[in-house]
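As given, the protein sequences belong to chains U and V, one line each in that order. Counted the way this note's numbering counts, the first sequence spans residues 129 to 317. Counted the way this note's numbering counts, the second sequence spans residues 129 to 317.
There's no promise every hint is true.
As the list claims (entries may be wrong) - No farther apart than 25 angstroms at their CA atoms in a straight line, the calculated lysine to aspartate or glutamate pairs in the DMTMM-like style are these:
#  : chain 1 : residue 1 : chain 2 : residue 2
1  : U       : K161      : V       : E204
2  : V       : K161      : U       : E270
3  : V       : K154      : U       : D263
4  : V       : K193      : U       : E204
5  : V       : K193      : U       : D263
6  : U       : K161      : V       : D210
7  : U       : K154      : V       : D313
8  : V       : K161      : U       : D252
9  : U       : K154      : V       : E199
10 : U       : K154      : V       : D252
11 : V       : K193      : U       : D210
12 : U       : K244      : V       : D263
13 : V       : K244      : U       : E204
14 : U       : K244      : V       : D210
15 : V       : K244      : U       : D210
16 : U       : K154      : V       : D210
17 : U       : K244      : V       : E199
18 : V       : K193      : U       : E199
19 : V       : K161      : U       : E204
20 : U       : K193      : V       : E204
These aren't lab readings, by the way, just hints derived from the structure by calculation.
2 protein chains.
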Amino acid sequence: MTTTTGTPSRNGVDTATLFATIDAVKGQPEIAKFQFRAANTWVSGTHSRSTASGFFGALQELSHKSDTVIEFDHPEVLVGADHAPTPVEYLLHAIAACLTAGVANIAAARGVQLTKVTSTVTGDIDLLGILGLSDQVRNGYEQIRVTFSIEGDADEETLRGIVEQSRRRSAVYDVLANPTPVAIDVVTH
Amino acid sequence: MTTTTGTPSRNGVDTATLFATIDAVKGQPEIAKFQFRAANTWVSGTHSRSTASGFFGALQELSHKSDTVIEFDHPEVLVGADHAPTPVEYLLHAIAACLTAGVANIAAARGVQLTKVTSTVTGDIDLLGILGLSDQVRNGYEQIRVTFSIEGDADEETLRGIVEQSRRRSAVYDVLANPTPVAIDVVTH
Numbered sequence: 129m130t131t132t133t134g135t136p137s138r139n140g141v142d143t144a145t146l147f148a149t150i151d152a153v154k155g156q157p158e159i160a161k162f163q164f165r166a167a168n169t170w171v172s173g174t175h176s177r178s179t180a181s182g183f184f185g186a187l188q189e190l191s192h193k194s195d196t197v198i199e200f201d202h203p204e205v206l207v208g209a210d211h212a213p214t215p216v217e218y219l220l221h222a223i224a225a226c227l228t229a230g231v232a233n234i235a236a237a238r239g240v241q242l243t244k245v246t247s248t249v250t251g252d253i254d255l256l257g258i259l260g261l262s263d264q265v266r267n268g269y270e271q272i273r274v275t276f277s278i279e280g281d282a283d284e285e286t287l288r289g290i291v292e293q294s295r296r297r298s299a300v301y302d303v304l305a306n307p308t309p310v311a312i313d314v315v316t317h
Numbered sequence: 129m130t131t132t133t134g135t136p137s138r139n140g141v142d143t144a145t146l147f148a149t150i151d152a153v154k155g156q157p158e159i160a161k162f163q164f165r166a167a168n169t170w171v172s173g174t175h176s177r178s179t180a181s182g183f184f185g186a187l188q189e190l191s192h193k194s195d196t197v198i199e200f201d202h203p204e205v206l207v208g209a210d211h212a213p214t215p216v217e218y219l220l221h222a223i224a225a226c227l228t229a230g231v232a233n234i235a236a237a238r239g240v241q242l243t244k245v246t247s248t249v250t251g252d253i254d255l256l257g258i259l260g261l262s263d264q265v266r267n268g269y270e271q272i273r274v275t276f277s278i279e280g281d282a283d284e285e286t287l288r289g290i291v292e293q294s295r296r297r298s299a300v301y302d303v304l305a306n307p308t309p310v311a312i313d314v315v316t317h
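Starting from the given sequences, assemble the full structure and let the hints guide the process.
Here it is, written out as structure tokens:
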């Protein structure tokens with residue numbers, strides 16, 4: 129598969145800037161070190177509110193154009209107030225979005241014009257784990273399944289190859305599929 | 129640590145219903161099998177839009193009180209349009225929210241009144257991985273660090289124990305810290 133430079137507008141991806149960015153990182157690898165951040169505040173019960181704002185990358189402190197407030201809760205069947213989706217649901221949305229962004233970038237880089245990309249994700253979880261009722265059942269998802277529906281001006285093999293390359297380079301796929309070190313500190317008052 | 133039944137309003141958690149739910153699951157374990165779902169649609173470039181709506185649990189199809197639309201994009205420094213946070217940022221918000229919900233439930237079950245719970249999360253990621261510039265660097269976070277600040281009518285050891293128990297029973301912690309099978313299917317047209 130050869131990489132062809134697309135027009136700036138293919139799939140809404142500025143491929144010239146994308147390739148220039150990759151070249152810039154090749155010349156100065158430390159600009160690739162990023163730190164993303166979240167700040168969460170408990171509201172009541174299982175309801176909490178989180179804000180996405182600043183991050184570090186390309187050797188500097190950066191901010192999103194605007195802050196995003198994200199709400200979390202448990203549904204009533206799980207003794208929450210259902211003000212928002214559960215934390216575990218966001219993992220499913222995140223993997224769909226990460227793979228989709230990769231698909232758009234990779235398709236543009238390969239000269240493929242996409243017309244439609246949708247995906248559905250399911251996550252099977254047995255709550256015997258988190259309820260402490262079985263030591264044989266894990267707390268998290270037993271299985272996550274992503275199904276992509278993809279349309280564009282390329283044959284089926286090419287479209288499948290774009291999704292597969294996106295999986296190979298997906299940060300969210302990696303964090304879900306492989307172990308990631310998570311440290312938890314507590315400050316009390 | 130003994131478990132004491134709290135008042136229904138402690139931390140906004142209905143502990144009587146929480147314990148009744150756990151007892152109901154003990155008697156009929158199959159009601160603990162849940163399936164959460166996401167549906168995502170590509171918008172343009174790295175921008176996509178996802179909807180949280182229905183899920184399966186307690187032997188039936190269920191829906192959140194209202195649908196939640198979640199937006200994703202990449203920042204400009206990563207050649208996106210910065211319409212929303214990145215997919216990997218949502219993982220950081222999700223672990224904060226999952227641990228916080230557990231803290232509120234566990235504190236209520238242990239008779240501890242919380243007055244304030246906040247947390248910050250950082251995720252360090254080296255983009256040499258997703259940019260395909262190094263085989264030595266993983267695609268996902270190298271390290272996630274959660275820092276809780278917690279206040280309530282209990283001593284430091286008790287408060288720390290609540291956070292630790294929440295970690296032990298956290299679905300999001302488990303999915304991030306341990307491998308989760310992720311299957312990806314593609315339908316072309």
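Tested hints:
Restraint check: the Cα-Cα separation between U/K161 and V/E204 comes to about 16 angstroms, which is no more than 25 angstroms; the hinted pair holds. Only pairs whose Cα atoms come within 25 angstroms are accepted, and V/K161 paired with U/E270 is accepted, the gap being roughly 10 angstroms. Pair hint V/K154 plus U/D263 holds up; C-alpha atoms about 13 angstroms apart against a cutoff of 25 angstroms. Only pairs whose Cα atoms come within 25 angstroms are accepted, and V/K193 paired with U/E204 is accepted, the gap being roughly 9 angstroms.
Taken as a hint, the V/K193 and U/D263 pair is broken in the structure, with Cα atoms around 32 angstroms apart against an allowance of 25 angstroms. Only pairs whose Cα atoms come within 25 angstroms are accepted, and U/K161 paired with V/D210 is accepted, the gap being roughly 19 angstroms. At roughly 33 angstroms between alpha-carbon atoms, U/K154 and V/D313 are farther apart than 25 angstroms, so this suggested pair is violated. Between V/K161 and U/D252, the direct Cα distance comes to roughly 7 angstroms. Compliance with the 25 angstroms bound is thereby established for this hinted pair.
Proximity of U/K154 to V/E199 is assessed by CA-CA distance (about 30 angstroms); at most 25 angstroms being required, the pair is judged violated. Proximity of U/K154 to V/D252 is assessed by CA-CA distance (about 19 angstroms); at most 25 angstroms being required, the pair is judged to hold. The hinted pair formed by V/K193 and U/D210 meets the criterion: a straight-line CA distance of about 6 angstroms does not exceed 25 angstroms. Restraint check for U/K244 and V/D263: the C-alpha separation of about 31 angstroms exceeds 25 angstroms, so the hint is violated.
The straight-line distance between the Cα atoms of V/K244 and U/E204 is roughly 23 angstroms, inside the 25 angstroms bound, and the hint therefore holds. In summary, the hint linking U/K244 to V/D210 is supported, as the alpha carbons are separated by about 21 angstroms, within the 25 angstroms threshold. A C-alpha spacing of about 21 angstroms is found between V/K244 and U/D210, which places the hinted pair at or below 25 angstroms, so the restraint holds. A distance of roughly 23 angstroms separates the Cα atoms of U/K154 and V/D210; the hinted pair therefore holds under the 25 angstroms criterion.
Proximity of U/K244 to V/E199 is assessed by CA-CA distance (about 17 angstroms); at most 25 angstroms being required, the pair is judged to hold. Distance restraint check for V/K193 and U/E199: the Cα-Cα separation of roughly 14 angstroms lies within the 25 angstroms cut-off, and the hinted pair is therefore satisfied. The suggested pairing of V/K161 with U/E204 holds, with an alpha-carbon distance near 16 angstroms, which does not exceed 25 angstroms. For the hint linking U/K193 to V/E204, the alpha-carbon distance of about 9 angstroms falls within 25 angstroms, and the restraint holds.
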